[in-house]
Amino acid sequence: MNMVVCVKQVIDPEAPPASFKINQSDNTVVPPSGIPPVLSPFDENAIEAALQIKDAQGGKITAVSLGINLLRDVVKKPLSMGADDLILLEDEAFVNGDSLSTAYALAMAIKKIGEYDIIFCGRQAADWDAGQVGSGIAEILGLPCVTLAKKIDITNGKARIERVTADGYEVIEVSLPALITVSNEFGEPRYPTIKGIMAAKRKQPIVWKAADIESESSKLGATGRRTKLLKLFQPVREGECEIIEGESPEEAAVNLALKLREAKVI
Amino acid sequence: MADYKGVMVYGESTDGKLAAITTELLGCGRKLADDLGQELYAVILGSDINGLAQEAIAFGADKVFTVDDPLLKDYQSDSYTPVMEKVVKEVMPEIILLGQTSLGRDLAPRLAFRLDTAVSMDCIDLSIDPESKLMLQTRSVYGGNAQATFTSESSPQIATVRAKTMSSMERDDSRKGEIITIEAGLDPSAIRTKVLEKVIEEVEGIKIEDAEVVVAGGRGIGSEEGFKQLGELAKILNGAVGASRPPCDNGWISDSSQVGLTGKIVSPNVYIAVAVSGASQHMSGCSGSKNIIAINRDPDANIFKASHYGVVGDWKKILPAFTSKVKELLDK
Ligand SMILES: Cc1cc2nc3c(=O)[nH]c(=O)nc-3n(C[C@H](O)[C@H](O)[C@H](O)COP(=O)(O)OP(=O)(O)OC[C@H]3O[C@@H](n4cnc5c(N)ncnc54)[C@H](O)[C@@H]3O)c2cc1C
Ligand SMILES: Nc1ncnc2c1ncn2[C@@H]1O[C@H](COP(=O)(O)O)[C@@H](O)[C@H]1O
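Line order of the protein sequences matches chains C and B.
Residues are numbered in this note's numbering as their position in the first sequence, beginning at 1, plus a constant of 2.
Residues are numbered in this note's numbering as their position in the second sequence, beginning at 1, plus a constant of 220.
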């Protein structure tokens, strides 16, 4: 089974909200100081999904990441977890795009990789929370796509996927090759082993520039954008919290109940 | 852009009626259409979808396009995308709105890429720019830490909309509209997926999206047993139990109880957050609640910044006393 996993480096989405800052002059997010970026968490779930298939029936996993100034320690994580190769689309020409141009560049890179049975993406990148790039890659490569996977079984060249829905899940069968996006319900990604970390240290990522993949430059990065960002801002939180006190926790609890009753909240 | 006209709402149904998100989209779409001086359309795909079109008219649509075909019984991107592509090419709407639902999340991007246009996912505000007449699409980004306003520079302009961010119009059964049927024209061999089974995880009591009171627990609850205690309080208040993500990941409560960016969007009258830190991704799902009450032992927890009332302390001591006092007050 040949598998490709798309992983994105993002600002740590679980950094304390107070560390989140915007540069209003150019509508960008200021990376918080002292908090290193991470792989988008759902992309780690996607790597885990690929690794489980590799564990069960063998295969090769290629991780692909598009970005600029990618920290090797961050983007090598798939390797240390057990992926075989890492390809970085690291070129100014690729960045500042929207979902459409990002999906296009990733799809063209995957085309160059050539052999694939399954392409994995995370359900959404934890920075812009769009959840579109997976569907975009599938559309460009003409593949079926199943989103929001929480369980995947492969038999006889088909994948049987449990897809998360609002009130449960549905079981979908899809022919391969296919694109699958993975949700956190899939389960915790494994920790890299010491052996894996050592192997990842020795391994050099393959870096592709725009000229290395067959693509139309008008469709890449900022040039390929179809959406215009007018304004990025932090919503103001209005109101103040009234802290209810008491001599003991139990008394505070009783005071809270009385207060809510008095304010006709309950 | 000149050839594109009208605002089209993608209609979904639950139990044979229009879904709440669809009436919300119609309410929002009506305003956008009026601002543009154009018509509001609804499009309904499925199998045996009788009655829904009339309901869409009662909620504001001028024209409803229906595609009724056995192959559309279950949603699959391989069948719904080409049908929507066909509808859009026939009707040429300038704007298409879908709900940020299991279906909308999957269909909207695929359709947009098929039509070679853009889509903004999970919008919380939509309006028409008076000058450019483009749709201003505001969505929450960075897990709710920020919001961003976009325009699309290609047609049609597509957006999905977060539940409970738009208001429906009053149902008016005397409204008149036109219903137009369109053939699906599907080639079954092009459908590469098959829906084998649909599993609904039944939750006891009131559905969390409909509840007026939600009692939500976080990682600090620590166990399934702890959630039973939250359940007692919810029962007394005639409410539902919700959770942040860690309790769902840990199996203390069903995944369908998760509130937040990637879970349910709720806006009850009362949201009681117990041992929840108030991460932005969680608050994305509950910040529309009228009264937020937090119980947390960390006085600096972010949840207090978003709450109206709070108690600082160990929930294990606070909750039982609170529950019995509430019971006493409500019994009176
Ligand atoms: C892209 C993305 C999407 C996400 N989507 C969601 C989502 O939809 N919903 C969601 O909830 N999360 C989501 N998350 C996760 C989110 O970022 C947080 O990790 C999560 O909400 C934290 O849950 P928590 O508050 O229960 O846990 P924690 O942050 O660990 O907080 C636990 C709290 O409990 C308090 N506590 C502990 N013990 C006690 C005690 N005995 N008494 C009183 N207080 C106590 C602590 O002080 C602490 O404040 C998402 C994350 C990402 C990256
Ligand atoms: N720059 C990128 N590099 C690699 N993969 C990406 C990139 N952007 C998005 N993806 C993949 O597409 C998924 C959805 O991203 P998005 O549509 O941006 O929310 C992510 O979880 C990744 O798997």
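These aren't lab readings, by the way, just hints derived from the structure by calculation.
A couple of the hints might just be wrong.
[Said to hold, decoys possible] With a straight-line cut-off of 20 Å between C-alpha atoms, the simulated SDA-like cross-links for lysine to any residue are: (1) K545/B - T167/C; (2) K510/B - I268/C; (3) K510/B - E264/C; (4) K525/B - R239/C; (5) K418/B - G170/C; (6) K510/B - A265/C; (7) K233/C - P350/B; (8) K552/B - N71/C; (9) K160/C - V415/B; (10) K414/B - G159/C; (11) K160/C - E417/B; (12) K525/B - K152/C; (13) K153/C - G471/B; (14) K293/B - A168/C; (15) K114/C - L143/C; (16) K384/B - T167/C; (17) K251/B - D392/B; (18) K455/B - V267/C; (19) K233/C - K545/B; (20) K309/B - D223/B; (21) K153/C - K414/B; (22) K537/B - A132/C; (23) K211/C - L73/C; (24) K418/B - T167/C; (25) K153/C - I420/B; (26) K536/B - K233/C; (27) K510/B - T167/C; (28) K266/C - E417/B; (29) K261/C - P540/B; (30) K233/C - V361/B; (31) K414/B - I245/C; (32) K152/C - N470/B; (33) K261/C - I456/B; (34) K261/C - H528/B; (35) K266/C - N511/B; (36) K545/B - P19/C; (37) K510/B - R391/B; (38) K153/C - E429/B; (39) K160/C - I411/B.
Here is what the structure says about each hint:
| no. | hint | verdict |
| --- | --- | --- |
| 1 | K545/B - T167/C | violated, 37 Å |
| 2 | K510/B - I268/C | holds, 12 Å |
| 3 | K510/B - E264/C | holds, 16 Å |
| 4 | K525/B - R239/C | holds, 8 Å |
| 5 | K418/B - G170/C | holds, 8 Å |
| 6 | K510/B - A265/C | holds, 13 Å |
| 7 | K233/C - P350/B | holds, 17 Å |
| 8 | K552/B - N71/C | violated, 65 Å |
| 9 | K160/C - V415/B | holds, 13 Å |
| 10 | K414/B - G159/C | holds, 14 Å |
| 11 | K160/C - E417/B | holds, 16 Å |
| 12 | K525/B - K152/C | violated, 33 Å |
| 13 | K153/C - G471/B | holds, 16 Å |
| 14 | K293/B - A168/C | holds, 18 Å |
| 15 | K114/C - L143/C | holds, 12 Å |
| 16 | K384/B - T167/C | holds, 18 Å |
| 17 | K251/B - D392/B | holds, 16 Å |
| 18 | K455/B - V267/C | holds, 16 Å |
| 19 | K233/C - K545/B | violated, 47 Å |
| 20 | K309/B - D223/B | holds, 11 Å |
| 21 | K153/C - K414/B | holds, 16 Å |
| 22 | K537/B - A132/C | violated, 41 Å |
| 23 | K211/C - L73/C | holds, 17 Å |
| 24 | K418/B - T167/C | holds, 9 Å |
| 25 | K153/C - I420/B | holds, 16 Å |
| 26 | K536/B - K233/C | violated, 44 Å |
| 27 | K510/B - T167/C | violated, 27 Å |
| 28 | K266/C - E417/B | violated, 45 Å |
| 29 | K261/C - P540/B | holds, 17 Å |
| 30 | K233/C - V361/B | holds, 12 Å |
| 31 | K414/B - I245/C | violated, 53 Å |
| 32 | K152/C - N470/B | holds, 14 Å |
| 33 | K261/C - I456/B | holds, 17 Å |
| 34 | K261/C - H528/B | holds, 12 Å |
| 35 | K266/C - N511/B | holds, 11 Å |
| 36 | K545/B - P19/C | violated, 34 Å |
| 37 | K510/B - R391/B | violated, 24 Å |
| 38 | K153/C - E429/B | violated, 26 Å |
| 39 | K160/C - I411/B | holds, 14 Å |
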